[in-house]
Amino acid sequence: MVGFRLIPKEYRFFDLFNKEAENVYFAAKYFNELVTAGSFNEDTVAKMHRLEREGDIITHEISDMLNKTFITPFDREDIFLLSNNLDNVIDAIDAITKRMGLYKLTTPDSYMKQFAVVIEQSCSALCDAVKHLDNTKNRTRVDEYCLEINRLENVADQLRENSIAELFEKVKDPIIIIKWKEMYETAEATVDSCEHAAKTIQSILVKQG
Amino acid sequence: MVGFRLIPKEYRFFDLFNKEAENVYFAAKYFNELVTAGSFNEDTVAKMHRLEREGDIITHEISDMLNKTFITPFDREDIFLLSNNLDNVIDAIDAITKRMGLYKLTTPDSYMKQFAVVIEQSCSALCDAVKHLDNTKNRTRVDEYCLEINRLENVADQLRENSIAELFEKVKDPIIIIKWKEMYETAEATVDSCEHAAKTIQSILVKQG
Amino acid sequence: MVGFRLIPKEYRFFDLFNKEAENVYFAAKYFNELVTAGSFNEDTVAKMHRLEREGDIITHEISDMLNKTFITPFDREDIFLLSNNLDNVIDAIDAITKRMGLYKLTTPDSYMKQFAVVIEQSCSALCDAVKHLDNTKNRTRVDEYCLEINRLENVADQLRENSIAELFEKVKDPIIIIKWKEMYETAEATVDSCEHAAKTIQSILVKQG
Chain Z
1 MVGFRLIPKE YRFFDLFNKE AENVYFAAKY FNELVTAGSF NEDTVAKMHR
51 LEREGDIITH EISDMLNKTF ITPFDREDIF LLSNNLDNVI DAIDAITKRM
101 GLYKLTTPDS YMKQFAVVIE QSCSALCDAV KHLDNTKNRT RVDEYCLEIN
151 RLENVADQLR ENSIAELFEK VKDPIIIIKW KEMYETAEAT VDSCEHAAKT
201 IQSILVKQG
Chain B
1 MVGFRLIPKE YRFFDLFNKE AENVYFAAKY FNELVTAGSF NEDTVAKMHR
51 LEREGDIITH EISDMLNKTF ITPFDREDIF LLSNNLDNVI DAIDAITKRM
101 GLYKLTTPDS YMKQFAVVIE QSCSALCDAV KHLDNTKNRT RVDEYCLEIN
151 RLENVADQLR ENSIAELFEK VKDPIIIIKW KEMYETAEAT VDSCEHAAKT
201 IQSILVKQG
Chain P
1 MVGFRLIPKE YRFFDLFNKE AENVYFAAKY FNELVTAGSF NEDTVAKMHR
51 LEREGDIITH EISDMLNKTF ITPFDREDIF LLSNNLDNVI DAIDAITKRM
101 GLYKLTTPDS YMKQFAVVIE QSCSALCDAV KHLDNTKNRT RVDEYCLEIN
151 RLENVADQLR ENSIAELFEK VKDPIIIIKW KEMYETAEAT VDSCEHAAKT
201 IQSILVKQG
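Protein chains in written order, with this note's numbering: chain Z, 1 to 209; chain B, 1 to 209; chain P, 1 to 209.
Please note that the accuracy of each hint is not assured.
Quick partial rundown of chain B residues pointing at chain P, CB under 7 Å, derived from the structure [to be verified]: (1) E161; (2) A165; (3) P174; (4) S203; (5) V206; (6) K207.
None of these hints come from the bench; they were simulated from the model.
Cβ coordinates follow ideal geometry from the N, Cα and C atoms, glycine included.
Chain Z with its partners taken away, still in its complex shape (with noise of 0.2 Å):
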């Protein structure tokens, strides 16, 4: 089997989904290496502030391409919604980068070492999935990235649920409460929204039937 091919014009629309999930899960990296160093200062977080603007060329790119084009793979509404999905995902992390440096938050806690490992598995998923979409026999495959990313959700959430609790019990100083929390609901809602992003992916699956 072969599956549906498309027409040329079509590719480019995979070429520039490529290219955002690429500089999604390319942040997500980036993080997780700031994470691990703990070297949130103002170069790092200039740096991933210009991987955030480059997301933002991308998805200008695609809806250029949209404004463009008459045949699209699918239904132009999901192209615009993926690439705003996409889009959301790297807003996230340039977020939750900018807040650990604005709180000088620089030794990340063994918690949120396991929040970037998973935003980064998490994230590498979504890249596979829409690197697969090019083609109709990959469905199973882009499925099970999807639900992958999902499985990568609820163990966001378990860790959430752990981190806040050890928060409460170990911290007494509300200040830094307030801070940390932040941080741990901040990167559980960085993996939503990658999740946020395989609905769309399901979605557009689903419409094909």
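Position chains B and P against the provided structure of chain Z, taking the given hints into account.
Just chains B and P, lined up with the frame of chain Z:
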């Protein structure tokens, strides 16, 4: 008037939606019982989580059926969306239950009791709306259930305002404030997730023109 | 070029959308006035809530018209969605007004004043975008208003970063931190809700190809 009749296979979707919505309602009812009894312990939290897993299985069954069925009672992506919206409601109820246990808030105050009632009522209306989706002649009735959910969302909004106002007035310990504030906000967000599902239902009706 | 002309009945939808968007803008303008004057009292909070109720009525009129009209200027579900998105903006403005009153934050600081300006600008651009939806020849212009809303959302993001950074630096009382942090976050979320409506508008344009 008999309304539009469906072919047998399509009924299976409604059976699954009913099963999913009833499970949501059952969880809401159980949450209300827990709040009334103030019994958030390992056993009750685990029992709620089993209901949430049950919901996941039904959501999965709906996805599977979508992949195997060509003709669907309404747009494929809306079936996927509504099923996910219902899943979000039970996820929210499960999350609030876990958090009550985590924070050891075993003596829910009068506001949480009122929230639990509103959550149960809202899930009950949602369950009724879903139950009547199988025949277009029930349209007005479905719409009324959705309006009732909108109304309850306003009630929850007001409860949130009042509960948080009183919290800041009466409590001076910031750590207690952080915990209860989050519970009130999460309770309100649970009712929001019901409204979200109701909006999807209304959007499905709107599409039918 | 005259663009695509609409049939009379369809104009009614645009009249209602304009009415709804103008009401949103009016609320944003009023919020800015309240912030400038620092007058969040029972009367002003009640006046804002009346605007929010006015918005509910218009949303309801749009739903009613949808149920009575066969031919619509764009997809029925998008009319429903955009109307709900506009409603979410005024809900957010009403919520923040209530909360300012509740927390007795009658002396808004310079950050809240900047947020109020951005909210007003954002609602003004949203109102302009909606106003030009009635003729496809305005497409580029509508797109520009949406891009302006995206830009303002980035401004709001930065405001949130700066305001929260300064809050933790200058304030030592955790209860004051909790209150103002929530206000800044809610202000930013209000601009987010404008961006959400803008995305729906862009998605409608994208569908038209």
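For each hint, the structure was consulted:
1. Restraint check, E161/B versus chain P: the minimum CB separation of about 6 Å is within 7 Å; hint holds.
2. Using the Cβ-Cβ criterion of 7 Å, the hint placing A165/B at the interface with chain P is satisfied: the shortest such distance is roughly 5 Å.
3. About 4 Å separates the beta-carbon of P174/B from the nearest beta-carbon of chain P, less than 7 Å, and the hint is met.
4. For the restraint placing S203/B at the interface with chain P, the shortest Cβ-Cβ distance is roughly 5 Å, inside the 7 Å limit, so the hint holds.
5. Given hint, V206/B at the interface with chain P, holds; its Cβ is 5 Å from that chain's nearest Cβ, closer than 7 Å.
6. The beta carbon of K207/B is positioned within 7 Å of a beta carbon in chain P (closest approach about 5 Å), and the interface hint is therefore held.
Hint compliance for this structure: no hint is broken.
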